Structures are given as C-alpha cells and as structure tokens.
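Enquirer: Residue numbers (the numbering used here), protein chains in the order written: chain A, 1 to 238; chain B, 1 to 364.
Calculated from the structure, these hints are not laboratory results. Some hints here could point you the wrong way.
Label pairs and their in silico Cβ distance ranges [stated by the list, open to error]: (1) B:Thr250 to A:Asn152: 29 to 37 Å; (2) B:Asn61 to A:Glu146: 24 to 32 Å; (3) B:Gly291 to A:Gly236: 58 to 66 Å.
If you're wondering where the values come from, they're calculated on a predicted model, not measured in any experiment. Virtual Cβ for every residue (Gly too), placed ideally from N, Cα, C.
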Amino acid sequence: MRQPKDQIMEPVASNNVEESINNTGSASVLQKNGLTRRDLLWCAGGAAVTLGLGAAIKAFGSEDVLRPPGGQNEDRLLALCLRCQKCTEACPRHAIVPLGTESGFITMRTPTMDYHLGDCDYCVEENDGIPLCVAACPTEALHLGEEATRNNTVIGEPLLIKNWCLAYRLTRCRDCYDVCKLDAIRLDSADRPHIEWDKCNGCGECEHVCRSMTAGTPVPGATHRAIIIVPMGQGGEM
Amino acid sequence: MAEKTTETPLESADAQETPKQPKKPAKKAAKKHDNRSPLSKLRSYTPLLVVLVCAIAFVANVPLGNISSFGWEAISAICPVGSLSVFLASKVFVPRILISLVIAVVLILLFGRAFCSWICTVPLVQKMLNIRSISIEDQRKDAKMRERKSRKKNTNKKASTEVNTVAEDADSAVSVALSQEERAEISQQMAQVANSHACALHSPKKWDSRHVVLGGSLLSAAIFGFPVFCLVCPIGLSFATVYLVLRLFTGQVSWALVVVPVMLLAELLIFRKWCYKICPVSALMSLISFGNKTFVPHINKDKCIETTKGKTCSRCNTVCPEGINLHDYSAGKFGINDCIKCRRCVDACPTKAITMPFLPPKDE
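Extracted from the complex, chain B is given alone in its bound form:
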C-alpha cells in the first residue's frame, strides 16, 4: 500500500508528460546508477533528518528531546529500554512513563523494527566509520561453510551461472566493496544452497546475545538503581556529541566533548556487530515485533521466479541485512520479527514480486 502511494503518482505523471518511447532509455540509465525506489532513497536520509530536527530544536530551546525521548512534555515516545530501565531502577510508578511506553509499544506493533533502518543514528555513525554491513560478512562465512560441506557434491553449473548474473548488478545499498571474485563466490554458494533447498545453517533464534544484554541491563538497573545501559547507549551518545558540539558555540567547553565521542567510537569500532550482537533496543523491539503484522514484506507467488519457473534466485534473502528468508521464515538467520522494514528485498527482487503492504493480503 505504501508503495502504491509513492510510486504510482510519479509514474503516471511521467507518462502524461512524455510519450513512452523516449522515456525508456532515460529510465534505464538512471537505474544503472541507483535502482532504489524513492522510499528507499528517503530511508538513507531520514536518520540525518532526525538529527537535524533535534539539533534545531536544541538550538531553538524547544524541549523536543531526541530519540531517547521524543515528544512534548507528558506525551513522548521514550525509548522502551530506557523507560523499563528507569522504572526498575527507581521502583516508582510514573504515569507519563507508562503513557510513553504504551506509545512506543504501539509504534513497534505497527512498524516493527523500522526504527533500526529509518531513525536510529547508529547505522549513520557506522557508515561514517566505514564499518561494513556485517550481514554480508556473515553471509560470506556461511557461504564458505556451505562450500566445505557440500564440496563433495558436484553442483549444477547452470544454476551457479544464473545466480552469478543476478549478483552482478547487485543492489547498490548492500554492495559493499566486494571484489568480483568474492561476489562470484557468494553467488556460487547461494546457488548450492538453493539447490539443496532445506539446507539452512541457521534456524531463526528465538533469543540471542542481544536479549541477554537486555536482561542484564534491566537486572543491573534494578540492582544498582540507575539506568545502566542508557549511560553507554550509542544512540544517546551520538546525540550527546551533537549537543556538545552545539554548546561549543555558546562557549561551554568540557572534557565530555572528548569522552563522549571516544566512548561512542570505541563501542562501535570494538563491537562491529553492535546491532546484531549487543543492542538491547533491537532485542526488545524484536520481541514486541512478534505481534507486528503490518508492513510485512510479502512475496507475490505469481510473480516470483522461484515459485513460477522453479529457478534459483534467493536475491531477497541475499540482500536482507537481517538474513531473513522470505520464502521460509524458519530457514532464515533471523525470523520475520527482526525485519527492519528497509525495503532492500523490495528493491532487489528482479520481478518486483515483493511488496510491503499495510495489511497482509487475504488470498494465498
């Protein structure tokens, strides 16, 4: 549904202005540079936009807060980990925390983990630090393991070349500087996986180390009487850095200007898999997201080349930063509750079979 609202008006406007013939090559040329949909392009700017809004609010003395508590006075969306932490730490019932927690839960039920790809500042900092999308590395490792496993089997060459060509024009959003060789290697392994259909190295875990960090933080907050994770949270630290820089203009200098960014950089550089191994915010959201039924990526089986022609593709699986298998949730690295609504699968699908409708279609 979201796709319809954004794409159809654009296309229809184009069609009205220009005849169809000269339009085609122009569109193709544009596609070579960036084949992402407008929504996906927007996604790469939204975290920056959020930082900008918060910075302007800070300068303008408007208590809008930042994403650890965004809103006005009693009505705000507080980070659910923060609100749980302060509740356990203080053991005081505060009505406005409950209101904010309810708001946060409703938003997560509606949008799942969309926060992670649309709003969170950590991927922004990671991009600045040139930290590679870890899922790609993981997938390479997985692929290598699969290779070792099925080395004895002689694989179908036809299938591997097919996926090779698909991988050639890989999605720009995920194509980190992979060499041609590496790329070929991945696609070869992907083909092997696709051949032996049930071969899944990981089953989606119900919980992992993120959930342990979440539990540990909450327990620690309850024991020691302060929100322990909030002090080291990279989201909070990134906003604190912005504020500290802004305060320089009023002549307020402090050692925090060194300590806060150093902490932020150290966390993200030492734990390069922060989002996948540590972040308790994503853990809590993935738990709540078990109840998320809206904006779930959906494969139109009449269009998908795997279901219609029986060919191997798995491109939606390859580009997914969470390693979700849309064809069979149980075969993915993470379950569908960990979907961050980044729309990479929607963009990557060669037959445009994937959509993210507001409600799941009733047929099928």
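Here chain A stands alone, though its shape is the one from the complex:
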C-alpha cells in the first residue's frame, strides 16, 4: 500500500511546487484538487457505504409500533425524525420511550409509547390539550392537523386477554373501567370489562393501572398486563 502511494504523491507534490512558484506564493483558487489514490478509495467507500446502508436498513424493514400523538403517519415520522429524543424529554408522564432494536433498525431511537410509567392524556392537564411532545419536536415529525383532537387521534387499540384478567376471575377488579376517561370500557353484569371499540383512542390509561402482572398474575406464563395497547389491527378480546 505504501509503495504505490509514494509514487502517486511525487507528481502531485511537484505540481504544487510548480503552481505555487507560478502563482508567486498567493493562494490560487483554481488549484487542482490534489486527491491521492487512497483518498479516492475513501470517497468510493463513503459513497458505497452510505447508499448501501440506506438500502440495507430499508430492506430490513420494521414492525408496526405505537407512536406518540401526531406520529401516526409512519412514513412521515421515519422521514422527519432526527432521533433527538426531545419528545421523550418533553413527556410529563414518561410515556414516550425511544425504541431499541426490537422492531427493526430503521425505527431505532424513534419514539414509541410505553404505558408502564404513565399514560397519554394528550397533555390536557399539563398543557391544555396541546401535547408537549408535538410542541417539542424540532422537525414536526410529530405533527397534528388543526382538526386533531384527543378523541380522533388514535394511538393504538386495546388487546384484552381475558384469561389473564382479574375481573374474569370474578374478583370484581374494575380499575380500567374506573380510570377510562372516554368510556371505552363497559362492564357486563358480572363486572367483567368489555371494550367499546369506537370510543377508544389508545391513551393507555387502562394498561397503566392494570393490576395483572403488577400485583401478581393470576396465570403462570402471562407475559404482560391483561389489557395493553397495541398497534392498529392487532387488538381484540381473547
């Protein structure tokens, strides 16, 4: 590697000497861009890696994930998100967390909802119904239209696993029903929860308060709380 480099460097150097003599020492604007063969290799590598990286990450793909309010257009979010994590900082209820590698490389460090520490009330209490994450986003990757409200911005939908739910063991636990501000949960005659699908906006309050898994699980093998919010199309009662 070193031998040929020397051979290339020699003529470049002599050119410069000639030029600088011709220009009597002053900086010449039109001086030739003296790239060596090694420099060109770096250039070619740089171009190949940046383009290849884009293609590879895109081809690897990603799974559907929950997004903070205003991030429901996935293509827009992936294009505009700088991965700066300002929304995570802004969320007063700690409900926004950056994604790891679980759902694909392209979504890494983009925001998702995690209702374990808090729920999303659209910042009604904290900021008069203007979500602070949307306000903080420097590139409007999280962006709400003028007609967007808490009720018509749907983050995700609930998945209720009856077998894991304390109420379905007739314990009369009704925490999710009590906490739901949108009346999206109704109780049947035995105080068991059912979901009102057209009312739910995926705010995660029910998941946040669900006692299953937090106060011991009724079923061995349960992996998460009995009611959780999942991306659109994956919800249900089962």
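Take the given structure of chain A and dock chain B to it, following the hints.
Expert: For chain B alone, coordinates are given in the frame of chain A:
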C-alpha cells in the same frame, strides 16, 4: 478580541495584588505544567459541559434536546446535516426546520467549524478510547516522505537543531506520547520543509471523502426516505448512550444499551480518522465556512520570528490538528475554512504573534 477580554483582566488583577518580582518564577513553574491559555483550558471541558447540561435536562424533563437539535420548540439549532437529510427524505416543507437551518448557518458563518473542537462529543469519546490525534500521525508520515524526497540534499544542520529545541517544549494539548526520537524526526523534517519553502506535499483540497459521504448520505436519504446518516451518527449515538444509562435508573432496560455503545465504539475504533475522512457534519461546515471571516487566526507579522528574523519555526503549522498553514493557506493540508478555532496555534506561538480577533485587522 476574544483574547483581550479573557486575559487582560486576569493579568491586571495579578499585577495589582503582587509586585512584579516574585510573580515571575511562579508563572514560569505553572507554564511548565500547562502553557495553555484559560480559553484553551476551557475548551477541553466544554463538550463535557454540554453533555452534562443535556443529561440534566433529560432527567429534569426539560425538552432542551441535545446537539442534534438544541433549543426550545420551534427555535433550535438543528444539526445542518440532519435538517437537510430530513428535508430530502420527507420532501415536506417544514417552517421550523428552515428556521433552525438558518440559525445553524448563521452560527457556522460566525464561528466556522468551532463546533468540532468546542462542542462535539466525538473527540471526547476518542480521548476516552485513547485514539491518537490523527493529524500527528499524518504529519509524521508526511515528514517521512519529505525525508525520502530530500534525502539527497544535505540539509542545514543549524536550522534543524533550532526547530528541535522548539519542539522540545511542545504544546501539551497535542503532544501525544511521542518518543524523543520521533519528535526529533518530525522537527528535522519540519526544518527541511521550511528550508525549501514552496515544498508542500498537500495543497488544501476543495473537497475530500467527507464531502462524498455527505453527498452520499443526502442522496441516500432522498432515495430511501429516512435520514440515513442520523441513524449511525456518532454524535447522536453518544447522546443516546447517555440517555440509555440515565433510563436505567427508572428501570428501563433494553438491548439498545448494548447495541448503541457498540455501534459508537466500532465506528470510532475502525475508522480512527472519522473526523478527517468521514464526518459529513464537518464537511458541510467546512463548505459553509468558506464564508467565515470572524475569529480567523491572524499572524502579527511584526512579531512572528519567521517574518521578522527569517528563522524557521512553523510551530503554528505543526500543532494545527487540521494541518492548516497560516503563513500560506495554499500550502496547508486543509484550507483555512477547515479551521476548528481550537486556539492551539495561538498557544503554541513562541512570540505570541497569533491572535484570533473577531474581525480581521484592516492593516497589512
């Protein structure tokens, strides 16, 4: 101008308190340990300070962001590469991105590439990884090549010994563990270069591989619809690491805590010349910096020993991590637009002939 504001009050205060006689030896002793000016000392702490501020903001739930977008709501200084990438990827016009881009461009026009030495976290990580300042290695290689080239010529011994002594008490900021022999070798070669004045191995390149990476990233973002470089940017990754560690305290553990630091370390360890060969942020800033006319290092020709006494020194050139030749921009490895305002030349100059005034002096 910046120098005046920091140094004169200190010195005058000293002079008032103590008579001049006992002050001198104390000052000399201090100089042996660290001969950097207060501003240069501050520079080695500012990136850490930025990380600290961002970490506190993260814990305190203040959406201040980090250096990929630092600011409040619509008013922030977004990384110019990031803002261009997301604009090309989304093809959507977002007013606050334009505002942020304008802010970033104004800052770069005002301070040049000062970001690279004052704020960027990558040199901090490199320092932790003990990655040697690559410019020194480059300069050694260059020196060796110059040696081969001019081996036939018998060089002036007087000049070489002179530079030797200058190199002896070399600037602590740049003096990486170079052995005495290596140091002597460099200085000898430097002397040879100085002798044959026009002998410049590199002319400053108008563009290099960093600019190709910049172009490739932007093109890739436009084609694939997401800011490709932002996903692997070591600046973003270093802040992501800090955030992940902080999130551990709230009990949130994820595989990202392994993946993110590993990516960061791999990038910087494999590409040890990251800042000089790859970083598209520095590429974009160096392009914008062609318009930077403030805080440009300036040599007072009445003080410089090269111009006044005709002696060989080139110490400002040797300590410059960007290989800029302040005497003749066209003879440097990089042009003056790549100046990172690190003030190493200001500190290194034996006659204090170099200053970084706000505006270039009108005389000369």
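Enquirer: Quick one: are Asn61 of chain B and Glu146 of chain A within 24 to 32 Å, going by C-beta?
Expert: 27 Å, holds
Enquirer: Given the hint of 29 to 37 Å, is the C-beta distance from Thr250 of chain B to Asn152 of chain A inside that range or not?
Expert: 31 Å, holds
Enquirer: Take a look at whether the Cβ-Cβ distance between Gly291 of chain B and Gly236 of chain A falls inside 58 to 66 Å.
Expert: 59 Å, holds
Going down the numbered hints, you'll see the structure goes against none, and every one checks out.
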